[in-house]
Amino acid sequence: MNWSKNLALAALLCASPLAANAQDHYGGTLKLVAASAAGTIDPQVNYTNQYWQLFVNVYDGLVTFGKASGPASNKIVPDLATAIPTPTDNGTTYTFTLRPGIKFSNGAPVTPDDVVATFERIFKVNNPNAGSWYANIVGADACLATPATCALPKGVIADDKAGTVTFHLKAANPEFLDQLAVPFAAIVPASTPAKDMGDTPVPSTGSYMITSYDPQKALILKRNPYFKEWSAVAQPKGYADEIDFTFGVTDENAITAIENGQYDFEFDPAPSDRLAEISTKDPAQVHINRLLAIYYAPMNVNIAPFNNMDARLAVNYALDRKAAVNIFGGKNLAIPNCQILPPGFPGYQPYCPYTLNPGTKWTAPDLAKAKMYMAKSGMAGQKVTVISDDQGVDPALGTFLASELNKLGFVATTHVLSANIEFNYIQNTNNKVQISITQWYQDYPAASDFLNVLLTCGAIHPGSDNSINIAGYCNKAYDAKVAVALKTAVTNPAAAATMWAAIDKDATNSAAWATMFTPKELDFVSKRVGGFTFSDQFHLLYDKVWVQ
Amino acid sequence: MAAAAVLVLIVLACLAAPLYATYVAQSDPFGSNLDGSITLNGQSVDIMQSTDTGFGVTPIGPTWQGQYFLGADDQGRDVAARLLYGGRNSLLIAGGATVICLFFAAVVGVVAGFSGGIIDTVLARALDVLWAFPVYLLAISLSAVLISHGLQIGPITVNADSLLIPISIIGIVYVPYVARPIRGQVLSLSRSDFVLAARCLGVPRPRILFRDIVPNVTTTLIVFAPLMMALNMLTEAALSFLSIGVQPPAASWGTIILDGEGLLYTRPAVAIAPGIAIMLTVVCLNFLGDGVREAFDPRAKLRVKS
Chain F
1 MNWSKNLALA
11 ALLCASPLAA
21 NAQDHYGGTL
31 KLVAASAAGT
41 IDPQVNYTNQ
51 YWQLFVNVYD
61 GLVTFGKASG
71 PASNKIVPDL
81 ATAIPTPTDN
91 GTTYTFTLRP
101 GIKFSNGAPV
111 TPDDVVATFE
121 RIFKVNNPNA
131 GSWYANIVGA
141 DACLATPATC
151 ALPKGVIADD
161 KAGTVTFHLK
171 AANPEFLDQL
181 AVPFAAIVPA
191 STPAKDMGDT
201 PVPSTGSYMI
211 TSYDPQKALI
221 LKRNPYFKEW
231 SAVAQPKGYA
241 DEIDFTFGVT
251 DENAITAIEN
261 GQYDFEFDPA
271 PSDRLAEIST
281 KDPAQVHINR
291 LLAIYYAPMN
301 VNIAPFNNMD
311 ARLAVNYALD
321 RKAAVNIFGG
331 KNLAIPNCQI
341 LPPGFPGYQP
351 YCPYTLNPGT
361 KWTAPDLAKA
371 KMYMAKSGMA
381 GQKVTVISDD
391 QGVDPALGTF
401 LASELNKLGF
411 VATTHVLSAN
421 IEFNYIQNTN
431 NKVQISITQW
441 YQDYPAASDF
451 LNVLLTCGAI
461 HPGSDNSINI
471 AGYCNKAYDA
481 KVAVALKTAV
491 TNPAAAATMW
501 AAIDKDATNS
511 AAWATMFTPK
521 ELDFVSKRVG
531 GFTFSDQFHL
541 LYDKVWVQ
Chain X
1 MAAAAVLVLI
11 VLACLAAPLY
21 ATYVAQSDPF
31 GSNLDGSITL
41 NGQSVDIMQS
51 TDTGFGVTPI
61 GPTWQGQYFL
71 GADDQGRDVA
81 ARLLYGGRNS
91 LLIAGGATVI
101 CLFFAAVVGV
111 VAGFSGGIID
121 TVLARALDVL
131 WAFPVYLLAI
141 SLSAVLISHG
151 LQIGPITVNA
161 DSLLIPISII
171 GIVYVPYVAR
181 PIRGQVLSLS
191 RSDFVLAARC
201 LGVPRPRILF
211 RDIVPNVTTT
221 LIVFAPLMMA
231 LNMLTEAALS
241 FLSIGVQPPA
251 ASWGTIILDG
261 EGLLYTRPAV
271 AIAPGIAIML
281 TVVCLNFLGD
291 GVREAFDPRA
301 KLRVKS
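Protein chains in written order, with the numbering used here: chain F, 1 to 548; chain X, 1 to 306.
Chain F with its partners taken away, still in its complex shape (with noise of 0.2 Å):
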């Protein structure tokens, strides 16, 4: 026997203990709860975070976000495909080689065939981003006049032999990559059909398959047996044999649930009452991280009274943020803020006008300066009605703004919604919505996914449900910064995040928004949840944590 020997034993000695606790890990079901469902399991269609967050353990896209906490998981990596290409021809075609040997969980390879077919089905569905974020490949406008019919022969071309995909934009992306990296654009099967699936589950390449969906009652996860863990960071092997996602249960329910061991994680945040309970009695079992999100209530700038700049000034200047954190849960769990990145995101600098003192932060409403901009205004008296939805905190910052808006002297109310249709209806002008309560949770990070994607004249479409840019804000002046600074990411991205900054204080001080705040999530599961791991992107990352 030689010392490397001994040392290699040594080792083996070692680190043998430590891989059979992970091997042990391995197993058991992971138990999550819901008050309700989250509409359609088709990944090209569903556009929640509730379901995003399971997508990612079922399909993969060419790329993703790594499977990681912090910094880490806004990183992207390839996934189905075995790199990230360097952009060509100006940073407009993209050749992706597919891994050998992945299979979907009907056990069918995945081709490249599969890309071209996942990405014409995007349009066939109404995808609701294929008008946007995949617009820019070509073929595209023909597969939005037509959807039924869309083919894209000179935007997505495959080649079998060498198991590649090349992708030929109309102009260079800096947000490509991005935009292939959720669930919208996993890969699916060819012959999955060109409708939405609702109930039925598509076959998939990750980790785990749906196995079962009853909108009313559970959605289970099996393992995929024709999984093999191709890249930890991207699609890891989950812990959990099984996932079981039960709805019905309400916020309250579900809490007590958990510190009874009946399911390990509540999807729902945990409601206010319940928060102080959970924090000295299991604070081991609490996790807080920080959200790339915003609470705000956008304002109508083209109806009265908020088509009065002053209005709209006065209310920013009244609006007592540390009241709304209150109810959103303390200051533990929401930083007050006045501008529309939150803090930590791309572009962000911070920026504060609305405060005493003007600058980096809020400190406390300027009444003194609101009762002047509300004179100037001449707009006391006017009738506004706040509309918010039923759900979580909302209702109470709907009624607390209310509060703050009579206190100014306008004439205020409140009108709660039921949450399945709040959304929708604030963004469709024939709705003629003054002011209403809502939040905007990143889709990936970048400035655009909020200054482009809220605030610009493309994001008004009127008399539809979906109109993102729910306070009608349309500046040209503004909209060309935004064209700029997308140009400039492709080329220069630290040059373009100085733009961002920018624009994102002119888009403060345009006051079409009273942001109010950037909250943290409070996530609480059951003692014998271990591993908890938070992405930025896809929040807990179940496939991470283990029950056993």
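Just so you know, the hints here were simulated from the structure itself, not pulled from any lab data.
There could be a bad hint or two in this list.
DEER-style ranges, computed between Cβ atoms [to be verified]:
#1 F:D24 with X:V145: 28 to 34 Å
#2 F:S212 with X:V145: 34 to 40 Å
#3 X:G154 with F:N430: 21 to 27 Å
#4 X:T121 with F:A380: 56 to 62 Å
#5 X:I276 with F:T360: 49 to 55 Å
#6 F:N126 with X:S148: 40 to 46 Å
Glycine included, C-beta positions come from ideal geometry on N, C-alpha and C.
Assemble the complex: chain F is given as a structure, and chain X must be docked to it using the hints.
Quick look at chain X alone, frame taken from chain F:
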């Protein structure tokens, strides 16, 4: 008698809501007060209290003193003051809906029962159709539509936040409950000896209607009034609890229960207090209804005498 006395006390207390808010609670029951504080036993106490862990903010509980007697809700508002203001709206809606319900029920029931023939058939079937809808489902559907956009009928515009909307909806959905028995009573009265005698004597039909039929039906309506008011109060509370009745910042007992739903674990008084108020009022109205029925029912008097 005791029920009527309690009911009068409740009504008087609710009518005194502005006085209570101004001189006792000393706060605005419709404005948020999230940063406010009060003095208790010589010490300043925050109305919204942060927990030691920094997670969650809990409103002050019952002080059993003038200010915040029943504590604060999640907006830092005085629950006792809101309870009294909420009672005004709950009683107003229940009362208004009862008037509408009884009026339309009387008109439809009397016209259908007295006219007979095709008019009776059409009205009776219309009542059957309305009756066939589950009451809450119908009320929720109407509320969801009208509370979104308000109501415009010709020159008349009713705002979405107007109390007229819940009053009208609740009044209308219960019309069949009263109209059907009224129609049955009118049919019975139309065939009674004294009406037949009047007809034989050539008394004009309108005179028979207003002198012989309507007075007999009126007692039934009076008996129905407190019972329907109790039912309407419960319906109003249900609709407001579902956010499709009274709209914030206005209050009703139903909306205050909704406000308290999120505080059940820490401040249960917010939800329990309006619950008790509803229960007390409804019990009093039901007792009152029984009393009125017995007072107007000759057979009940006979039973008492025997």
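Which numbered hints fail:
1, 6
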